[in-house]
Amino acid sequence: MKVAKAKIFLIVGVSQILISCAPNKLEETSPLEIENKNSDFYGVSKGKDLKDKDLETHAAKSNPDFNFDTQGKNSFWEDLTSNFRIDREVDRDEVKTHIKWYKRNPRHVERVAQRAKPYLQYIVKELKKNSLPLELALLPFIESAFDPFAYSHGRASGLWQFIPSTGRLYGLKIDWWYDGRRDVRESTRAAIRYLKRLNKLFEGDWLLAIAAYNAGEGNILKSIRRSGVQREQVTFWHLKVLSETSSYIPRLLAISEVISYPGKYGITLPDIPDKPYWEAVDIARQIDLNKAARLAEISQEELYSLNPGFNQWATHPDGPHELLLPQEKVKVFKKNLGELEENEHIYWRRHKVKNGETLSGIAAKYKSTVKQIKAVNGLRKNLIREHRSLLVPAPAEGVSYTMTRESRLTKKQAMLTAKAEAEPISYSVRDGDSLWKIAKEHEVEIKELARANGLGLTSLIRAGDKLKIYAPNKKPEAFYRTKRAKIREIRYKVREGESLSLIANRFNLTVQKILLWNSSYRNKKYIQPGDVLLLKVNVVNLIN
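Letter 357 of the sequence shown, counting from 1, is numbered 357 in the working numbering, and no numbers are missing.
The reader is advised that the hints may include incorrect statements.
With a straight-line Cα cutoff of 27 angstroms, these simulated DSS-like cross-link-like pairs (lysine-lysine) come out [unchecked claim]:
1) 129 with 117
2) 524 with 513
3) 125 with 367
4) 335 with 354
5) 437 with 493
6) 447 with 468
Simulated from the structure, these hints should not be mistaken for lab results.
Produce the complete structure using the sequences and hints provided.
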């Protein structure tokens with residue numbers, strides 16, 4: 001059945017049912033579909049998209065020395081900017097302010113552009129495939145500074161900054177193993193689906209659609225209704241929106257202008273070949289990411305930057321069994337993977353601890369060892385809590401795992417290096433201290449603490465005594481830990497009803513760590529709504 005073209009005043013009437021949300025963060029509700037199979041809103045934005053003639057006029061206005069006809073497409077950036085379609089409105093004070101900031105901070109633009117190199121070519125290709133304005137390729141510049149591990153206080157993650165509910169709504173898989181919000185391909189496709197829907201909702205007005213991507217469509221619809229301006233005349237500039245959104249559009253227009261004429265603003269953009277940076281390689285089954293990096297002869301960090309969606313140091317056991325690799329490394333990876341012995345394949349399983357289970361029982365179940373399980377999960381004791389998830393290394397089906405010669409040599413080298421590099425910290429014993437208490441506070445075994453200081457387990461210590469404590473991250477077993485870690489600092493605004501313990505649980509932290517980073521709160525009995533806390537979170541460990 002054909003649906004008549006929806007008028008925005010009808011949409012506004014139902015805007016109360018839409019949940020107001022943070023940037024690009026539509027809460028879990030069915031999308032309000034605005035269908036019109038007889039018209040295409042993309043590129044017909046009532047004068048908001050510029051035609052070729054308009055582009056020429058606008059370019060000449062922005063730069064008197066500009067010659068539209070001589071702008072070749074012999075580089076990636078020229079091809080990108082020659083396909084810009086949205087009026088940048090560079091005469092507006094709001095846009096001028098951000099252009100001036102970028103001009104004063106050229107290194108920022110250059111750093112982010114450099115960080116974008118592995119991703120931008122793919123994003124542009126997908127936008128072209130969907131006939132969308134290429135200015136949208138710069139949204140991650142504003143959203144995440146092209147950091148695939150970017151994480152906001154509102155729980156938004158990835159290049160395109162999806163919160164979990166919006167990500168799932170647009171088809172992104174999020175679980176213990178994998179977070180599609182950080183997957184470059186999947187998150188880009190989801191962002192395009194979302195932006196296309198917003199463009200339809202706002203009848204081709206890209207500034208309104210982009211504002212809704214940031215603020216949530218419910219908030220923009222509400223602002224339209226409150227503006228008092230007739231729909232035919234309303235633009236983004238008529239709306240009263242939150243400060244973040246009011247600067248969001250000018251920032252995008254400003255960076256589009258600066259990228260269009262980098263020389264004019266004292267900026268040198270990195271060379272980006274107009275060809276795919278990476279290739280998706282079928283790996284057929286689960287693989288350890290550390291091993292994959294060695295097989296591809298690249299660093300772990302480079303592998304993670306191309307495959308940031310994986311939460312653990314292994315691909316998802318249920319697939320998809322693909323890795324993104326630099327094009328020039330695909331051949332050597334396939335060769336090395338084909339030569340891998342069967343007993344060198346280690347599989348990783350997630351095991352949720354049940355009541356009464358022991359490490360030895362779990363190890364036997366997966367043909368692993370207690371020592372391996374403790375090492376990869378950072379466990380210091382054999383005691384495990386019910387409901388905890390453990391990462392368990394297991395050999396390939398039907399194969400008894402034996403460490404390869406390379407692994408044995410690497411282990412030995414790691415142990416020798418750790419022993420040689422270990423530097424103790426000096427600790428002054430305080431009143432009420434005991435060896436047990438000090439060991440617990442510093443996360444070391446009491447036997448190790450006693451041995452390092454020539455003491456017995458029952459030796460007395462006195463206030464003022466000096467002890468040597470070897471930090472746990474200097475221990476050889478740290479080499480084996482497979483817990484992925486990408487730490488990002490966020491400023492978290494306390495909400496109504498929240499406590500330090502609740503916030504700590506949400507971000508997998510401890511109250512002690514939060515107080516360490518926020519010393520001004522140590523002597524406060526309570527935190528208040530509106531208080532701002534500095535948090536250092538492991539973004540690959542957050543799926544909700």
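Going down the list of hints, with the structure as the test:
1. 129 with 117: Within the cut-off at roughly 20 angstroms; holds.
2. 524 with 513: holds (15 angstroms)
3. 125 with 367: Status violated; Cα separation ~46 angstroms.
4. 335 with 354: Violated: residue 335 and residue 354 sit about 41 angstroms apart, past 27 angstroms.
5. 437 with 493: Given that 27 angstroms is the threshold and the Cα spacing comes to 34 angstroms, the pair is violated.
6. 447 with 468: holds (13 angstroms)
Checked against the numbered hints above, the structure violates hints 3, 4 and 5; every other hint is satisfied.
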